[in-house]
Amino acid sequence: MDGPLGVGQSQPQQQQQQQQQQQQQPEQPPPAKVVERLNPAVQQQLNLESVKTRAISLFKAISRILEDFDLIARTNSVPKWQDVLGQFSMVNLELYNIVEDIKKVSKAFVVHPKNVNAENAAILPVMISSKLLPEIEADDNSKREQLLYAMQNLSVPSQIEKLKARIDMIGAACESAEKVIADTRKTYFGTRQGPTNILTLDKAQAAKIQEQENLLRHAVNHGQGLRIPMDQRQITSALPAHLVDVLPVGDSVQTISESSGMYLKNTPPMSSNAVNNQGTLLQASGGQLVGRPAASPSGATGASSFDNTTTSPLPYANSPRSATNMMNTPSPQQQTQQQHQQQQHQQQRQRLMQLPQHQQQILAQQLRQSPMTGLGQNQLSQLHDLQGQAQQKYQLHGQNQMQFSQSLGAQQFQGRQLPSGAIQHGIAQSQLNQGNQLTRHLNQMSSTANSALFNAAQATPNNQMISNMTAMMPSQSLLPRMQFGLSGANRTLGSQNLNDQVFNMGAANPTTMLPIQQQQQQQQQQGGFGNMQQNTQNLQPGMVPMQQNPQQNHNNFQQHRQNQQ
Amino acid sequence: MECVVQGIIETQHVEALEILLLGLCGVHRVRLRVHELCLKSGPNLGSEASEVRLLCDLEQPEPTWTVRHVGGSMRGAGADQISVLVRTMVESKVSKNVLRLFYLLGYKLDHELLRVGFAFHFQRSAQITVTVSSVNKMLKLHATDEAVPVTPGIQLVEVTAPASAENYNEVAAAVSSFCEYLAPLLHLSKPGVSTGVVPTAAAAAASLMSYGGTTIM
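From first to last, the protein sequence lines are chains A and B.
Be aware that the first sequence starts at 3, since it is given in our numbering, and climbs by one per residue.
Be aware that the second sequence starts at 183, since it is given in our numbering, and climbs by one per residue.
No wet-lab data here; the hints were simulated from the structure.
It is possible that some hints are incorrect.
Claimed, not checked - Restraint-style ranges between C-beta atoms, simulated for each label pair:
1. A/Asp142 / B/Gly378: 50 to 60 Å
2. A/Glu137 / B/Gly208: 51 to 61 Å
3. A/Ala209 / B/Asn349: 14 to 24 Å
Stated by the list, open to error - Below, a sample of chain A positions facing chain B; criterion: calculated Cβ distance under 7 Å:
4. Leu228
5. Arg229
6. Pro242
7. Leu245
Even glycine gets a Cβ: it sits at the ideal position worked out from N, Cα and C.
Please take these sequences and the hints and turn them into a complete structure.
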């Protein structure tokens, strides 16, 4: 470094960056060729050149940042705050370091203005004067007065002492404050990070949250914790609106595990169905299959003839028997138990089951519940009784109630033996939720007829498998109505079917109502026929005791039917 | 295909999140109430059980049904580098008979849940959907009116965007950059990776809420 001591330059304040202290090359002393050097001691303390270099680089950095900001402002883009903060911290730190270094040797230097021009001529004297500004001076004086007034009485040395003590205290306070600020600044800018978040959850809370989080994530992604055990999977409360007409009434939830169960359950009843195939309505053994009445070819479907007035709404809107109620008429009981699916299974089963008549119990089983056994017999007797009644919707609960219309009835009942299951004559399609029962009826019909019916019934998707009791009728009567649960539409059970005389296997006829199985198994059996569709005249009293076929089902059915209709 | 990330947020901060999303997405939220039924195929449909989800949107005046199949996710080194999960997904609107159809096919109900919350659908170099919902379970079958939350204090946030095999990289980038904006309130990660809550959530929520009820837009 050459040049006179303390050569420096201060920029006037117009520059916003006050930190720009540029130390310029000392000017050459104009005439003298004497080159003075900095006091070596000072030089040791502070390498002026390096300070200058640093200052210049700092100046450049800052101007670059300013340019960037300018650009951002002009293009209206969003600044990347992370980067901006980083740059700021860098610059700040650098400035701090420079200032620190210079402070050490500031005593050795004097800064005086070099560049005097029109702009700064006016303000320079003020800037370099050491006299306080008038207001500051006045302020100062008043404070001094205040301070010394308190100590006027004391001797001068004591005054001095007191003042010194006070100064020390203040000094100490200032120092600690500065220390804190410096430390924070260092950590803040030194690490170039934003304010560190000191919030931490305590362990217990964090663990709890973690546990809840796992629960939630597994529930959503894998369904853990949401599976209802099989035995509780029954629709016990009213279905929400969006499911009401979607789920077949009484559908038991088809759960994965249940399917196997279904089959098992069916077996017992099957036996009873033996009645010939007619539709052994499988009364699904209990289980969900209820209702699948396998196509109860037998008269149950006869339902076709039923007048469709069955009140109970068929579970399936499109099932042939649905909705028409079997109420009156002759039609065989349809049991509409929907559950197509189940019905199909049942049908299969039922096929197997075509057993002799006593099987009515099978119906009973349908839902494992049941006592149907007795029913069969009852049924028979009832059947006779029923004959009179024409339409009734049979509800196949267990045993179908046969309701045949007069005409049919007669024929149908002939056989009365209706095998246990078969009895339910075409209980009205509707509601037949009855679960298993239906299929039985089919059995009752004469074997051929039954088989035909049954087969037919099998083919049709449940719903209408009405356990045609009629089908069961042994021989003769094979009620024409076979209404198998064929294709949907509400069955026309009605007269045409009757005329047919043949079990229509098939499609045309309104579906036989097979005992529709309801989802709720329980319901199935219960109930007694009493509930059968409201409109239908319930089968005779005799019927009532029949196993409980779930009356409830009927109710449900009815409701549903209505909806569906 | 879709890109998906999930995160959790405490229920108390959901309102703040909604304000943040409103500002970020620029669209109004839509209410969400979806009954999701997860069906698994029975043994008659193959050795591997397949899963299908039926979503019934209960918020519409007429419930609308959608069927959704979620496939396997992308694996491998490339997938590990992407911060979102990319997986195959097929979705379609269906009629209301879909449930019956699947039952007839042999599918069985595995579990069901009800999501109640809100969603934002917007376009930001990809069609992104953010849903914030409370996941509820039904104690009784299909009893959607009596559903209770699985975790009362925590709600699920999901950010999804449909993608195709050609553009999944861009979509993934769009989703992850969007997620960065949500960083003060929650962390989002691939489904299956747990994140915990964010310590700054409370402070961020407080500051969001303090901006008052100024409606953005």
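Violated hints - listed by number, lowest first
3
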